[in-house]
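**Student:** Position chain U against the provided structure of chain R, taking the given hints into account.
Number of protein chains: 2
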Amino acid sequence: MVNQVQTVDDTWRRCSKSDSSGASNSGGESSKESSRSSTPVLDTDRTDRLRDKMRRRTESGDHWFSLEFFPPRTASGAVNLISRFDRMGSGGPLFIDVTWHPAGDPGSDKETSSMMIASTAVNYCGLESVLHLTCCNQTKEKITGYLSKAKRLGLKNIMALRGDPIGTDWEEEEGGFNYATDLVKHIRCEFDDYFDICVAGYPTGHPEAQSYDEDLKHLKEKVDAGADFIITQLFFRADTFLKFVRDCRAIGITCPILPGIFPIQGYQSLRQLVKLSKLEVPEEIMRVIEPIKENDAAIRNYGIEHAVGMCRMLLESGEVPGLHFYTLNREVATMEVLRQLGLWIEDPRRPLPWAVSAHPKRKVEDVRPIFWASRPKSYIYRTQDWDDFPNGRWGNSSSPAFGELNDYYLFYLKSKSSKDALLKMWGEELTSEKSVYEVFTSYIMAEPNQAGHKVMCLPWNDEPLAPETNLLKDELAKVNRRGVLTINSQPSINGKPSSDSIVGWGPPGGYVFQKAYLEFFTSSENVTALLQVLKKYEPRVNYHIVNVQGQNTTNAHDMQPNAVTWGIFPGREIVQPTVVDPVSFMYWKDEAFALWIEQWAKLYEDESPSRMIIKYIHDNYFLVNLVDNDFPLDNCLWQVIDDMFELLNMHYFIEEME
Amino acid sequence: MVNQVQTVDDTWRRCSKSDSSGASNSGGESSKESSRSSTPVLDTDRTDRLRDKMRRRTESGDHWFSLEFFPPRTASGAVNLISRFDRMGSGGPLFIDVTWHPAGDPGSDKETSSMMIASTAVNYCGLESVLHLTCCNQTKEKITGYLSKAKRLGLKNIMALRGDPIGTDWEEEEGGFNYATDLVKHIRCEFDDYFDICVAGYPTGHPEAQSYDEDLKHLKEKVDAGADFIITQLFFRADTFLKFVRDCRAIGITCPILPGIFPIQGYQSLRQLVKLSKLEVPEEIMRVIEPIKENDAAIRNYGIEHAVGMCRMLLESGEVPGLHFYTLNREVATMEVLRQLGLWIEDPRRPLPWAVSAHPKRKVEDVRPIFWASRPKSYIYRTQDWDDFPNGRWGNSSSPAFGELNDYYLFYLKSKSSKDALLKMWGEELTSEKSVYEVFTSYIMAEPNQAGHKVMCLPWNDEPLAPETNLLKDELAKVNRRGVLTINSQPSINGKPSSDSIVGWGPPGGYVFQKAYLEFFTSSENVTALLQVLKKYEPRVNYHIVNVQGQNTTNAHDMQPNAVTWGIFPGREIVQPTVVDPVSFMYWKDEAFALWIEQWAKLYEDESPSRMIIKYIHDNYFLVNLVDNDFPLDNCLWQVIDDMFELLNMHYFIEEME
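If you read the sequences in order, they're chains R and U.
All residue numbers for the first sequence refer to the working numbering, where the first residue is 3 and numbers rise by one.
All residue numbers for the second sequence refer to the working numbering, where the first residue is 3 and numbers rise by one.
Chain R on its own, in the form it takes in the complex (with noise of 0.2 angstroms):
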């Protein structure tokens, strides 16, 4: 639920003066952790620890699911790992875990490393994220360095295990972490209040405990010494855990227990961790699986069908407020048994037009520069030093500016297509401009190139037409197919429902509006006819076109930012997550050219043709953007672009003529 409207019940709530400057106190708090004093808080979940997340979901019986995922063991399975999380974060979960793997230096930067996954996740596709963290063989001093860096990071959860002792027999080791209740308390001390802190509860006891009482007893302690939820290891009847909840309830553990789902996906994978759990899969399942067990397909859809069912039993007994699931980094079984279950949102209501970062720190940002609606990643990563967002209006000279261009490289920000892939789709060989203008075109159309490769994406845009850019598709090829290359756009909406499926975003009952939107590169010759026509079209279109060594012109009011993207929403302040700014555009104007060598350029031979033509626009052609600022009326830019090429065939007209 994006937002609950506060009810007020019969009875008079007194506020009084005394009440009423409370209120105010908490309004002055709250504006001051914002740069921008006019934020409505659109979204409390936003703004809310986990525990406060769960236990409002809690109350009001809207049930929840959460992933767990692995860190993967390369980079190019790590790229695959954030596409995932963008995938699967898209039907809502309320969180992700990310476990940690200790012998694949869990706490490093290395891309495949725990603490980078759950902060990519964090920071880059805004997911909550709880970090697990083991505690045995490790001193305090490199625990506390651990933690440390998961806050620095924007980390906010950790998952306290006690993890698996070197060698087969387990000894108690002096003054060390012998226990997750030890890591709890260390967590506790050092950091107070700041992490929500999971632990895991054994429905059937920890295999190494003594007995299944010894357990739920060592289980309270964990809890007892702060512990703020509980995520149990898989099991395979309902009935399991709901004993082990009552057994808990009846010792005393309040906090809320979800139970760990885990659907058979094929036969080894089952017998692996099975193997691992020390758990025995009951009969009834085996006799299942044992006639198919090459059969991975049909072991597949029988885990979906048995997850399914015993998901129903769990979330009907009244008992689970949510889910969790064990994904093994896969997808389909797992949002198979949510969409069955009704908890997959397939369109989960956007707080804003832009998917909001996670990062504590950036949790009231509420405003960002149209440019990087493609490349959000990037615009995170270039402005994670910023302490406000914005950051004075994109220039604050006492805070830093745009950090560095190089970010190609980061893994997070790498494209899932390899260099092979983008070759078929952007052309093995260029042979000229108009080349590279057909190549715009397909990836407009979602149509196969010359060479039969469909282009899936561009250096600007990682994935295929947003549905709300399809809406513009004919006018977009168009255009392109004469050398308008657009990466960039949004049609105009005067006050659509803000629960519109494709260009809805916000609180239920408000209302979205947006200016028209284009940006693109074109030849400067292009650019002479475009000045000459937007004299026609002052005030109504703002402009900026700026080349690569920064000559820029703009029709822009004292480089004031356009506002192209607001909504309106009952009882609450004017929000406009989105703008079109001069200053940062010069940025962005960088970043968009470097895009073309970086990504395009460098996939052929130095001095090749193909390289030189890239080149030659980089060096050559303007990157433009238009706004049609009368949002009521139909969308002008296209007749703009018109006129422009109108005007350029006189030209041609009359220099034949001469």
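Treat the hints loosely; a few may be bogus.
Note: identical chains are not told apart, hence a pair may lie in one copy or across any two.
The calculated SDA-like cross-link candidates involving lysine to any residue, where the alpha carbons are at most 25 angstroms apart (straight line), are [what the hints assert, rightly or not]:
1. K617 - G177
2. K498 - C638
3. K277 - N297
4. K55 - N557
5. K416 - V358
6. K475 - W640
7. K365 - G94
In case anyone wonders, no lab produced these hints; they're calculated from the structure.
**Tutor:** Positioned in the frame of chain R, the structure of chain U alone reads:
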């Protein structure tokens, strides 16, 4: 001109990296000045100093006018003069000036002092104001004290004059101020460039000067000492002024020279002024006036005709960027001259929907609670100690809260009507709550009450209904008749052009929006039914309901403000100048209830039935505000009130049945 879009010529404006960071610096600085960094500067006029405004309008050939007033003799004269400022301010003067009356304790806090009148014009009437200051027979300390006080009160402009010496013979004083030049130097020395300084010019030479040329030399000295512009003594022939300007330019005076225009308004005032200024009235004027000297109307008409003719010549000369009028604190003649010249802007474009204060500290103010819409001077008074507008969203504990409530006694907030007139309008004797309802209804309908007197104002509204509110007249009258005593309302507006003559505001080419708003007092019985009805309108309608004790019911989300007026403009961020704010509503509540007693009940004898009736309403009624969030649909607030009455009728019916 409210808005000047910065146009760009065809040559490339270079804006390399260093340029863009330069721009970003200034952006950062301006955002620091404002508590709301989202504030777009809608009107550079608001932030510029007087000499810059003059320069810009001179450059654009946009002629202006300014108005001179003298301080009133009596307290009621002060009340009237403030009303005149409001009326004449609506014609769009570039500035007004207030003369310095050494005999009237000009620097004191008396309501008739030059200082207080000029301060009121700036702070409460939103007029750019120039305070005269004479220096002869004054110590430097005294003068510095006056200037410091003026600065503290928000005055930014001084007309530096020598003043008339005491006694008939003029003697130089050792170390004192002997000439206006000394005062100009003193201001620049003590206050650097803080003030804009005006000095007087004498088109026919100062009466005490040795010669015309000698006088010009003195004028040059004053300008060289730091004066920014010149206003001339009155004259009767355009040629006199134009020769004077030529002579000034010839000796190197380059600053603006504004002609002082004196429309002849009567025989006596002309004689008096001529005597004081030692001017001679030209033969051709005396020939016209002498025969009609007993006929004031005829003289005034001649004066208007003469002034218009002379002003036309001046403006057409190209030497005159603006005209300065000696109004003698009268309206008719000057307004008529300005109308005929086309300089009186009948419907001046409003930069915001409310009148902006001209205090330099408040120039960035861009949002106010709607509650004070009809009492803007009270809002300004009660927030005069704030450093930020709004003050931490109307209630930061680190800033002062709303100022004292007893503003009823301040001359610039006093009703223009006498106690006697108020009694006639609001009833010499009230017999029931019903008779109060009738007063409200008569006010809304602009019709005479039962005693035959038109109700021109209410304690909450010192002016007749605003044109915008007039749109709602019939609905308002209907509900007032039944005890829904409305004190503030606005219709919903879904994107009218910003140039709309009734609801428009802000720069041209924009669109303005409103949510429907209704604020009223009503009985607790009505409120009980209303709350029942409002359940049907969740979350479409936001409400706050409070009684004098502060019993408060609301469905406001997290005590957040609700934007009820906003505008979308070319190349700007969204502007939202009016909000319904839950925190400030509690302060407004105190004021709104107190007005029943202070302005109405106190008209009647203690313990009189009339007084008891008003007191009963004050003690028992609730103050209600309603916002219809669904601005694109038909306003549902009338339906809400209808539903409330219907529910009440049902109750009566049921009671009667029983």
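**Student:** Take the hints in turn and mark each one as holding or not.
**Tutor:** Each hint tested on the structure:
Taking the shortest Cα distances, K617 and G177 never come within 25 angstroms of each other, neither inside one copy (63 angstroms) nor across copies (75 angstroms). With identical chains, the CA atoms of K498 and C638 are at most 25 angstroms apart both within one copy (19 angstroms) and between copies (20 angstroms). In the homo-oligomer, the alpha carbons of K277 and N297 lie at most 25 angstroms apart inside one protomer (21 angstroms), although the nearest pairing across protomers, at 116 angstroms, exceeds that limit. Taking the shortest alpha-carbon separations for K55 and N557, only the inter-copy value of 22 angstroms comes in at or below 25 angstroms, while the best intra-copy value is 46 angstroms.
Proximity of K416 to V358 under the C-alpha cut-off of 25 angstroms is restricted to the intra-copy arrangement: shortest distance 20 angstroms within a copy versus 51 angstroms between copies. Proximity of K475 and W640 under a CA criterion of 25 angstroms is satisfied intra-copy only: 12 angstroms inside one chain copy versus 45 angstroms between copies. In this assembly of identical chains, K365 and G94 lie within 25 angstroms of each other by CA distance solely inside one copy; the values are 17 angstroms within and 45 angstroms between copies.
Hint 1 from the list above is the single one not met by this structure.
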